[in-house]
Amino acid sequence: MEINPILQNVLAPPVLFFLIGAISVLFKSDLEIPAPLPKLFSLYLLLAIGFKGGIEIQKSGFTDQVLPTLSAAILMSLVIPLIGFLILRYKFDVFNSAAIAAAYGSISAVTFISAESFLESQKIAFDGFMVGALALMESPAIIVGLLLVKFAAPQNRPKSRKMHLSAILHESLLNGSVYLLLSSLIVGFLTASSNPSGIAKMEPFTGQLFYGAECFFLLDMGIVAAQRLPRLKNAGSFLIGFAIFMPLFNAFIGVFVARFLSLESGNALLFVVLCASASYLAVPAAMRMTVPEAKSSYYISTTLGLTFPFNIVLGIPIYMSLVNTIIPLSPL
Amino acid sequence: MEINPILQNVLAPPVLFFLIGAISVLFKSDLEIPAPLPKLFSLYLLLAIGFKGGIEIQKSGFTDQVLPTLSAAILMSLVIPLIGFLILRYKFDVFNSAAIAAAYGSISAVTFISAESFLESQKIAFDGFMVGALALMESPAIIVGLLLVKFAAPQNRPKSRKMHLSAILHESLLNGSVYLLLSSLIVGFLTASSNPSGIAKMEPFTGQLFYGAECFFLLDMGIVAAQRLPRLKNAGSFLIGFAIFMPLFNAFIGVFVARFLSLESGNALLFVVLCASASYLAVPAAMRMTVPEAKSSYYISTTLGLTFPFNIVLGIPIYMSLVNTIIPLSPL
Amino acid sequence: MEINPILQNVLAPPVLFFLIGAISVLFKSDLEIPAPLPKLFSLYLLLAIGFKGGIEIQKSGFTDQVLPTLSAAILMSLVIPLIGFLILRYKFDVFNSAAIAAAYGSISAVTFISAESFLESQKIAFDGFMVGALALMESPAIIVGLLLVKFAAPQNRPKSRKMHLSAILHESLLNGSVYLLLSSLIVGFLTASSNPSGIAKMEPFTGQLFYGAECFFLLDMGIVAAQRLPRLKNAGSFLIGFAIFMPLFNAFIGVFVARFLSLESGNALLFVVLCASASYLAVPAAMRMTVPEAKSSYYISTTLGLTFPFNIVLGIPIYMSLVNTIIPLSPL
Amino acid sequence: MIFSERELDAIIKTLEKANVPGYTVMKHATGRGPERVVTEDMEFTGLGANAHVIVFCEQELIDKMRDNIRDDLSYYGGVAYISEATPL
Amino acid sequence: MIFSERELDAIIKTLEKANVPGYTVMKHATGRGPERVVTEDMEFTGLGANAHVIVFCEQELIDKMRDNIRDDLSYYGGVAYISEATPL
Amino acid sequence: MIFSERELDAIIKTLEKANVPGYTVMKHATGRGPERVVTEDMEFTGLGANAHVIVFCEQELIDKMRDNIRDDLSYYGGVAYISEATPL
Ligand SMILES: Nc1ncnc2c1ncn2[C@@H]1O[C@H](COP(=O)(O)O)[C@@H](O)[C@H]1O
Ligand SMILES: Nc1ncnc2c1ncn2[C@@H]1O[C@H](COP(=O)(O)O)[C@@H](O)[C@H]1O
Ligand SMILES: Nc1ncnc2c1ncn2[C@@H]1O[C@H](COP(=O)(O)O)[C@@H](O)[C@H]1O
Ligand code: NA
Ligand code: NA
Ligand code: NA
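Residue numbers (the numbering used here), protein chains in the order written: chain A, 1 to 332; chain B, 1001 to 1332; chain C, 2001 to 2332; chain D, 3001 to 3088; chain E, 4001 to 4088; chain F, 5001 to 5088.
Just so you know, these hints were derived from the structure itself, not from any lab.
Some clues are possibly wrong.
Partial list, computed: chain D residues near chain F (C-beta under 8 Å) [claimed, not checked]:
| hint | residue |
| --- | --- |
| 1 | Met3026 |
| 2 | Met3065 |
| 3 | Ala3085 |
| 4 | Pro3087 |
25 Å max Cα-Cα, derived DMTMM-like pairs, lysine to aspartate or glutamate [to be verified]:
| hint | chain 1 | residue 1 | chain 2 | residue 2 |
| --- | --- | --- | --- | --- |
| 5 | D | Lys3027 | B | Asp1030 |
| 6 | D | Lys3064 | D | Glu3016 |
| 7 | D | Lys3017 | D | Asp3063 |
| 8 | F | Lys5013 | F | Asp5063 |
| 9 | D | Lys3013 | D | Asp3063 |
| 10 | C | Lys2059 | A | Asp30 |
| 11 | C | Lys2295 | A | Asp93 |
| 12 | C | Lys2150 | C | Asp2093 |
| 13 | C | Lys2233 | C | Asp2030 |
| 14 | C | Lys2295 | F | Glu5084 |
| 15 | C | Lys2039 | B | Glu1032 |
| 16 | A | Lys233 | F | Asp5067 |
| 17 | B | Lys1150 | D | Glu3016 |
| 18 | E | Lys4027 | F | Glu5084 |
| 19 | F | Lys5027 | C | Glu2264 |
| 20 | B | Lys1039 | D | Asp3009 |
| 21 | E | Lys4027 | E | Asp4071 |
Glycine is no exception: its CB is placed at the ideal position from the N, C-alpha and C atoms.
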């Protein structure tokens, strides 16, 4: 593993803007992107990435790889929270363990987008159906997290608050970001199949603007992540270690799964990044609602303050090296 | 009238995003586009549509059709509220009747934009001066509505609240959206005549981005419309029927006027859509201020919850069939 | 000096939209661009102008002119507040004089952007390093202003509020807009030198969109400036005269400095505009924090209500004539 | 004191006329009143949420404004309540 | 009464059931409670600031709602205080 | 307690030092004070509206904070009033 790809990743505009945001907090600059502007960009990115993914899927058709890959993605988002839960239970109660584990089983769309930009700058191809994997990995992790709470700690909870399966499903499947991503994917698919002129008309909005909007959003993410970082001190070194070790561990499993699926290197990187990334939006929102016993500072400051920056700045090029090392090995 | 054009309309990205927004409310997803982001898009759409309209008008010059068409548009926005008022008085008091009638005499810019997109996807030409009609039809309907209140119900109102003609004119002519549309039209016209290089520099913003921004805004409109729909239950079946019947009735009158004006099919559709659409922004804002006796839920839930979705999804292709049937008939 | 360039400037879309915004306030239209949408555009403009400037600097390299010009720019932003302070002390106390003087020593990024647009429409070349001058002129003026307060009025201030140099430096150098502009410049520079494909991918966002976003932002600036204008009445005729005289005076000094630096006419205009423009954002924010004794209505209503519109509408073409007259004269 | 943003100008004029020492306005409040509907209805593109206005002032000033404010509120809708408060 | 925006629907339902004459909601409040962290944490992309709800009503109504609201607040977090106020 | 957003950090520090059980902040308030101008002036690109802070706490805590807060407010501007309130 050379230093070069990391440096190259750091010198790309999105990562630079991320760093600028983080440094502004360090230097106590009053740079601020007030609410709800970040929400505008996050909605836009989800819509655009879904729409483009839908078009790609329609174009390439459902190849042999699609179904196995999507199934493996869902499987990973079910297994990772279980592993995480077991590790976290050494130090934390059921509620906190389940909430943090769910976050690591789920994904971060912005990390995924950054990985796509990284691949584009390296001129490595990848397929649109990986956006489908992105969309499908958010909900199962939430479900596993809530089931863990339901079964591991039913006696501690006030009676009136028993979780119903329907509530769990609703919270996980109809979460705003999952919904927007999936439905934009469908819109993209339908547009490509029945109304191809619509693609060209959307292109300036969903295509050309994307990179710049990504930079702007990462500027804000840098600010937000750096603001959350100091709160990690209260979380203790166990959690800090977990926030770095867990993505690496997940990436390691992920790369072998990718190899087993015979994914090419572009798709393999995206698959690994999905495994390694952690949710700081959908899962925290769902957990805050359904598991108020868990401390939100734990699952937010780890995922957002540490895992996210680590993945964006160092993780992606590291995973690329991993992919380049493991995937080309002679078949299992 | 075949089903095909309706399906084709429904499968265009803007309508699909509208439906996505509506469905998210149905499924109780927490997808939300927080204020003031929708305002950003509505301001943008008005600015862009005005600017482009102004350029078109300058390019084509004032043809013979311009003046008659604009006059007919104003006439329609004066007559429709009167008809609506007479119908509504069967069930409602003067205040509510006048407010609802004014909304149906006025127009919806987003419906107009959707009709333009529909025409573009069908490759049917239309003229920039129709944006002028759009801009001119908002104010007269407000004026008629307020005059109806003034003369039909002066004795009921507290003395200190007598409406002055100047206040009526101010509220109707200097309404934010009317003002922005008209002034952007003038800017477009002036730019085209004295500074043509400015057109090319504006094109990425007002032109290329337009379709995507329209989709984003319609996503929000879908959410908002679906949130208003259930309130219609309180309004009663008379008002529900009115919200569907009135646009069809107005379209029917509109298509004959369009034929009388010898408009070609593109302009004819836009004219019909202007007649058939109802205002859910400018008129409600003016009515809330000047006729607080009227129930805002009546005029908002009908126009926004029912008439607007009806026009966007079914109305436009229906009106197109109407235009294609009536316009080519042998001259009157 | 002919009237033609002024008219030509007024008929450009950005200036037209500025006037539209101002007129809407005059006519009491309820057109409004609600917070934080203007902030979105101001952040965007700073980011885009910095990024493009960084790319230009990297492309052209550090020519002989760069260092002298930047040094002269800093010098001007140190000297102008001193002159302004001496003038203002005739009528105002130390606090108000220092705050207003600092605003006039500093710059307005939007005025600078308007000057760039003006040059582009006139097809006159200018260099990217002038953005560096823009970034460097904001802080020194703030420092001078605060030092003036520190040394001219130490006895009047409550003891616990003594200004520390470190606080002054922090407030002036890490101000959000200075920070974003400078760091975007660095990102642009790094991208151009190590990742040229990133430039093309940013271009639709930072390049093509720029003109339209500028128009939209100037629409808001027109509203805001016109809202501030009436407050000037309380400020008295001395301050009104100052708000027009000071930019002309500064422009006059600036054009001779530009000539001394042998700047070509494009760069010379930008240099003059930097001298003539006054800050209504960074400086007021800093002064509000550190010199609460000064009346914010003084330094905001002059810079924003009068100097800014004057520069945008009349100033820039006047300065261009000045540049065209003075610069080509035989060498000093 | 809570009422629609669109009446804000009128109320502020009343306050200014009564020479209140100051006031604070918080926009974008939503709510429901006894008869009229949820006012979120009007907020959707930025027109017409409610405003929450706080005024700290002497009892006499309140008496002076009472009639004017009542008038506005009864016509356009809105509520106003008084609470005792002492300066810190 | 101050609590998280995400509980807003539940609280409003309680208020409606108690037939309060009206209420006002101010969103986007942030804050810190005795044990839990600063809630700005959740605001960063628009999910989950606090809401500040004001209700002017009779004492009896308060008594009717007390238990339900207490229940929600103790579970999800939030505070509710009562102050006396007379209509203007 | 109402004051400029730009002083918010200082006030919060005072509150935290006094160990208040919690507080709530509402930003984007605008207003007018006795001498200074309408603060909407500063809001136009997002810098410097007022903040409205609510603290429910015991009388003794208020006494502890009083001097520090008064100090900040008298220098930067702003008002603070106390009302009685009982927990629900
Ligand atoms: N009892 C109340 N408590 C708190 N806010 C109220 C109350 N009644 C009315 N409001 C507010 O006043 C606004 C106007 O009410 P109305 O006069 O009924 O249209 C509502 O939208 C609420 O925000
Ligand atoms: N003593 C207090 N005074 C004012 N607001 C409070 C107080 N305690 C809690 N809050 C608000 O209630 C929210 C939830 O608090 P908690 O129940 O501790 O999670 C906080 O974020 C604050 O906005
Ligand atoms: N009597 C008052 N009632 C309510 N708010 C006030 C009052 N006086 C001042 N304020 C608020 O405090 C802010 C600062 O006031 P000042 O200290 O005069 O600059 C104003 O902008 C108002 O928002
Ligand atoms: Na993961
Ligand atoms: Na109509
Ligand atoms: Na200057």
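Hints versus structure:
| no. | hint | verdict |
| --- | --- | --- |
| 1 | Met3026 | 5 Å, holds |
| 2 | Met3065 | 15 Å, violated |
| 3 | Ala3085 | 4 Å, holds |
| 4 | Pro3087 | 6 Å, holds |
| 5 | D/Lys3027 x B/Asp1030 | 24 Å, holds |
| 6 | D/Lys3064 x D/Glu3016 | 12 Å, holds |
| 7 | D/Lys3017 x D/Asp3063 | 13 Å, holds |
| 8 | F/Lys5013 x F/Asp5063 | 16 Å, holds |
| 9 | D/Lys3013 x D/Asp3063 | 16 Å, holds |
| 10 | C/Lys2059 x A/Asp30 | 31 Å, violated |
| 11 | C/Lys2295 x A/Asp93 | 55 Å, violated |
| 12 | C/Lys2150 x C/Asp2093 | 13 Å, holds |
| 13 | C/Lys2233 x C/Asp2030 | 23 Å, holds |
| 14 | C/Lys2295 x F/Glu5084 | 35 Å, violated |
| 15 | C/Lys2039 x B/Glu1032 | 21 Å, holds |
| 16 | A/Lys233 x F/Asp5067 | 32 Å, violated |
| 17 | B/Lys1150 x D/Glu3016 | 31 Å, violated |
| 18 | E/Lys4027 x F/Glu5084 | 24 Å, holds |
| 19 | F/Lys5027 x C/Glu2264 | 48 Å, violated |
| 20 | B/Lys1039 x D/Asp3009 | 21 Å, holds |
| 21 | E/Lys4027 x E/Asp4071 | 21 Å, holds |
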